[in-house]
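Model the placement of chains B and C on the given structure of chain A, informed by the hints.
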Amino acid sequence: MRYLPKSPAEREEMLAAIGVKSAEELFSSIPERYRLKKPLKLPGPMSEAEVIGYFKERAAENSLGYTNFLGAGVYNHWRSVVTDVVIQRGEFLTSYTPYQAEITQGTLQAIFEFQTLMCQLTGQEVANASMYDGSTATTEAVLMAERLTNRQRVLVARSLHPEYRHVLQTYARNCGLQLEEMPYGADGTIDREALRGALRSDVAAVVVQSPNFFGVIESTPELAEAVHGSGAMLVIAIAEGVSLGLLNPPAEADIVAMEGQSFGLSPSYGGPFVGVIASREKYVRQLPGRLAGETTDTEGRRGFVLTLATREQHIRREKATSNICTNQALCALAATVHLTLLGKEGLREMAHQNLSKAAFALAELEKIPGVRRAFSAPFFNEFTVELTRSVKLVNAQLLKEKIIGPFVLGTAYPELTKHALICVTETTTRAQIEHLAAALRRVLEQPL
Amino acid sequence: MMNGKIKKAGRHTSQDEGLIFDKSSAGKRAFELPPLDVPAVDTAKSLGAHYRRGGVEHFPEVSEIEVLRHFTRLSTWNYAIDLGMYPLGSCTMKYNPRVNEFVARLDGLATEHPYQPQELSQGCLKILRLLEECLLEITGMDSLTLQPAAGAQGELTGLLLIRAYLEKQGNARKKVLIPDSAHGTNPATAVIAGYQVENIKSESHGQIDVEKLREQVTEDVAALMITNPSTLGIFEQRISEIADILHGKGALLYMDGANMNALTGITRPGDFGVDVMHLNLHKTFATPHGGGGPGTGPVAMKKMLEPFRPVPVLVEKDGGRLALDSNRPNSIGRVKAFVGNFGLLIRALAYILAYGPGVREATEDAVINANYIRKHLDGVFDLPYSLPSMHEVVFSDAIQKKTGVNTMDIAKRLIDYGFHPYTTAFPLIVPGALMIEPTESESKQECDLFIDAMRSIAQEAAENPTLVKTAPHTTRVRRLDEVGAARKPILRWKPSDQPQGALHHASKVPHPEPTPTV
Amino acid sequence: MAYPTQYRYTKEHEWVDVHEDVATIGITDYAQHELGDVVFAELPKVGAAVTAGKSFGTVESVKAVSEIFAPAGGEVLEANPDLQATPEKINTDPHGAAWLIKIKLNNPAELAGLMDAAGYEAYIAEKNKEASA
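Residue numbers (the numbering used here), protein chains in the order written: chain A, 1 to 448; chain B, 1001 to 1518; chain C, 2001 to 2133.
For the record, the hints were derived by calculation from the structure and aren't laboratory data.
Note that the coordinates shown come from a computational prediction; the quantities given were computed from them, not determined experimentally.
Heads up, some of the hints might be wrong.
Below 27 Å or equal to it, Euclidean Cα-Cα: the simulated BS3-like pairs (lysine-lysine) are [claimed, not checked]:
| # | chain 1 | residue 1 | chain 2 | residue 2 |
| --- | --- | --- | --- | --- |
| 1 | B | Lys1201 | C | Lys2054 |
| 2 | B | Lys1402 | B | Lys1469 |
| 3 | C | Lys2089 | A | Lys282 |
| 4 | C | Lys2045 | B | Lys1401 |
| 5 | A | Lys56 | B | Lys1488 |
| 6 | B | Lys1303 | A | Lys38 |
| 7 | B | Lys1401 | A | Lys400 |
| 8 | B | Lys1174 | C | Lys2054 |
| 9 | A | Lys282 | B | Lys1494 |
| 10 | B | Lys1126 | A | Lys41 |
| 11 | C | Lys2089 | B | Lys1402 |
| 12 | C | Lys2054 | B | Lys1401 |
| 13 | A | Lys282 | C | Lys2011 |
| 14 | C | Lys2089 | C | Lys2011 |
| 15 | A | Lys282 | C | Lys2102 |
| 16 | B | Lys1045 | A | Lys367 |
| 17 | C | Lys2063 | B | Lys1488 |
| 18 | B | Lys1317 | A | Lys56 |
| 19 | B | Lys1494 | A | Lys38 |
| 20 | B | Lys1201 | C | Lys2011 |
| 21 | C | Lys2089 | B | Lys1201 |
| 22 | C | Lys2127 | B | Lys1401 |
| 23 | A | Lys21 | B | Lys1375 |
| 24 | C | Lys2063 | B | Lys1402 |
| 25 | A | Lys37 | B | Lys1302 |
| 26 | B | Lys1488 | A | Lys282 |
| 27 | B | Lys1488 | C | Lys2089 |
| 28 | B | Lys1175 | C | Lys2054 |
| 29 | B | Lys1444 | A | Lys21 |
| 30 | C | Lys2045 | A | Lys282 |
| 31 | C | Lys2129 | B | Lys1469 |
| 32 | B | Lys1302 | A | Lys41 |
| 33 | C | Lys2045 | B | Lys1488 |
| 34 | A | Lys402 | B | Lys1045 |
| 35 | B | Lys1494 | A | Lys400 |
| 36 | B | Lys1126 | A | Lys392 |
| 37 | B | Lys1488 | C | Lys2102 |
| 38 | A | Lys392 | B | Lys1494 |
| 39 | B | Lys1402 | C | Lys2129 |
| 40 | A | Lys37 | B | Lys1303 |
Bound conformation, chain A alone:
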């Protein structure tokens, strides 16, 4: 087999050196009745060409040839081919976690740069070497706030991504956290009055996403003032990181939990992505996950190491801040390469294109009778419209024109029965937007 570097003769030689006649003897410590007598029933073996053939067939059974207007936590952005050139280098791809710092300075310095970029983007003082994704980063941020405040109540905006809320609920059940949902107002932002009413001295954290699931931008400074007044912590979740190219960073938040998929990671049907958690320096010892720190060697040279490991599972065991062992190193590296390629101007320009195209799309759609903008507050690259008929049925018609239509908000928000969430990024062309508008007009003109 091409992945096994032993010739039959070498195998024999090694068995003889060990002192056994066959490989079978090496498994004698397994009780006989549990040893398999027949090979496993698995497809294959396949040559390289056959493996490729199998996956090409699967690729042809998906959505090639369709345009899509989906965001909702996973975004289509340009990514440079240079990113793959870097992360495909064997020294990055096939390297282990940098516990032996002397021979993994490449990974460690890249993590240090990633941590820096995340601080710059979010306006926070310290960021870790990444989390699994935005949903778990948000959950860990809440757990961190619980540890820091010693309080149990958490106020969670209903406009936080439904799957992020679901993950938070799954974890909270076993940690004694009480989650309370905060409604959104008519303009799409969090209902400030309800929030103020719920803020008592037993609240550990308030969790708000911005731009939120409806695409609407929340006001962090205002929220921070209200939240801090009661001694709680403000957790801002960000699902669309490109927004930070043009939007003020949530510097007033205590903890920021971000999904970094927008920074050079393909949608890949949901993963792997990269979560980010960033906060104030004074909270660093409660930050979960890995951290790379700068230091010097015995001869005074600068180098990098994983540090503050005593927070982590392999030392604290039961008392760890989290059970996380991995970080998303290669994804974080991809994000680092992508962001340094974009640079300050590139990110700003990308964000501006998103803003412009989404504004154009809304303007075109609002011209159609039967389409109404649902929320008045400013948005970035996603917005919500209300239609005069079921979004599901509309999408079924759009599919015939090879358009994958907007996210059906009714599936996650039963009160938003005819609402659709439309995402437009820099990758969407004017022609595609106009096609969507024309097709939608045709569908809505049809008799019911």
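Okay, now just chains B and C, sitting in the frame of chain A:
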């Protein structure tokens, strides 16, 4: 001093590359976008108070070639599987087949959005279905979830499944038993799942003390978390008794699948009494480590836990169409957004397809390599447990300690011989442990080079301990000050006009040129 | 390093210096040596209550975390402010400048069972013998 017969490739130790921020200057671009084809929005007007004037402060501005050179140079400072063996115990650092990288990037796979219509995702769903079937065949279990993003998350999912199942029976119970040889994620996970941890000691052969277990398993115990083979690389010979004791008291047996590389194709955990287990696809199934992730930790379970699986669940509808179903009233919820780390699931399936039923051969080769190394180093290093090793072997530094050399020193000296260190100081039940797992990806030559290096170091430890204690000598940086890094953490770059911790200074000491011989 | 004769010592390697109903608590030279280079100490706030036999904080090195147990119950009057910036004092002066907390004792009688300096030295001599056996 060095054994001149050992010839291993070295790494670039020079090229003093600074941080990307050091190369930044205003106006440089590395990426250009197609021109805007719609009216440009007046940002200030549109965003009002939200507008971030001036963009991201201090964000780097560099050109494409500078980015590529920067990261290429950094990469040359890393050791990697592509360069040579990693004898890291319980990490299973095997070859990452490149065809896996190719297929994961195909248009039509890398491009798919998790919320696109399921009728336009049948290709993705078929991949999930086939991977599920293969992993169930390999583990001997009844049902699976592919959602957890890592082994640790898989452990948590497994414990949450156990909790949900026991809760449905009327009593979630209070405790989880964990052997003292366990990986640190096990107790950390148990606590997050809301259980108290009770340790169970190993007996003199490093196996679970079955008599103690009998005493400790009460109706307050929800589960025992074992690793099999154990972290000593030794199969738990009384596994069926262990399973019976637990099941007799209504408790469940959880298996940490980190060591599946010793079992695949040889035996199946579902057959020897395991109720629920996680797999590490980045270990046994060759998805790349990438410098520390991403990983993925699917959880396989027996039938009774199936209703509690996280959502969404893969189902088959009429006409063979596949769908994702989230309408599962008994589900524990979600441990992560979307369906799982799909890009890695592709890679794991590609690995399995390449081997087919022949995957047993990989397991045999892994066990041969470990035993070959054990045979040649037994006596050179202390072997604390004499039971047969499977895919990994654990020595201790007891012999070398006599001249003041410990496992960490030996590990650092191994770097000078061109290898990544083995796992040091774990498992905790072996003081001064050397945990060695070569995997099946190592040729006889690589194993021989490793054995020669370890023998040479043992000799050095006896005759010239200082040389070993001050290793490594040939790396780009010497031993790094971890104490300073923890006392005064510097966790990000700051522009020179902003104060940084006392440690910060640009590298003034030149890095060594590559030395001609090891 | 000598063990001050006026202190009393616990089996978990804390020392106590009592003056009327105020006790100063720290960790011993043996403890700091076992830990290695100290990087951080987590101490309770002023006004917090500590309970005899229960952990009130931790001392960390790069690779280990050690809990510190209260030899007697009381209320925290002071936590050593220097240890935040210079935790290494715990290595260099564990019996003096690197005291951890001062508490107002609820019940000084709780200290009755502690070892004196000679007793503690004998105790750690036994421990060292066991370790090298």
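Violated hints, by number in ascending order, as checked against the structure: Violated hints (numbers, rising): 4, 5, 7, 11, 12, 13, 19, 21, 34, 35, 38; every other hint is consistent with the structure.
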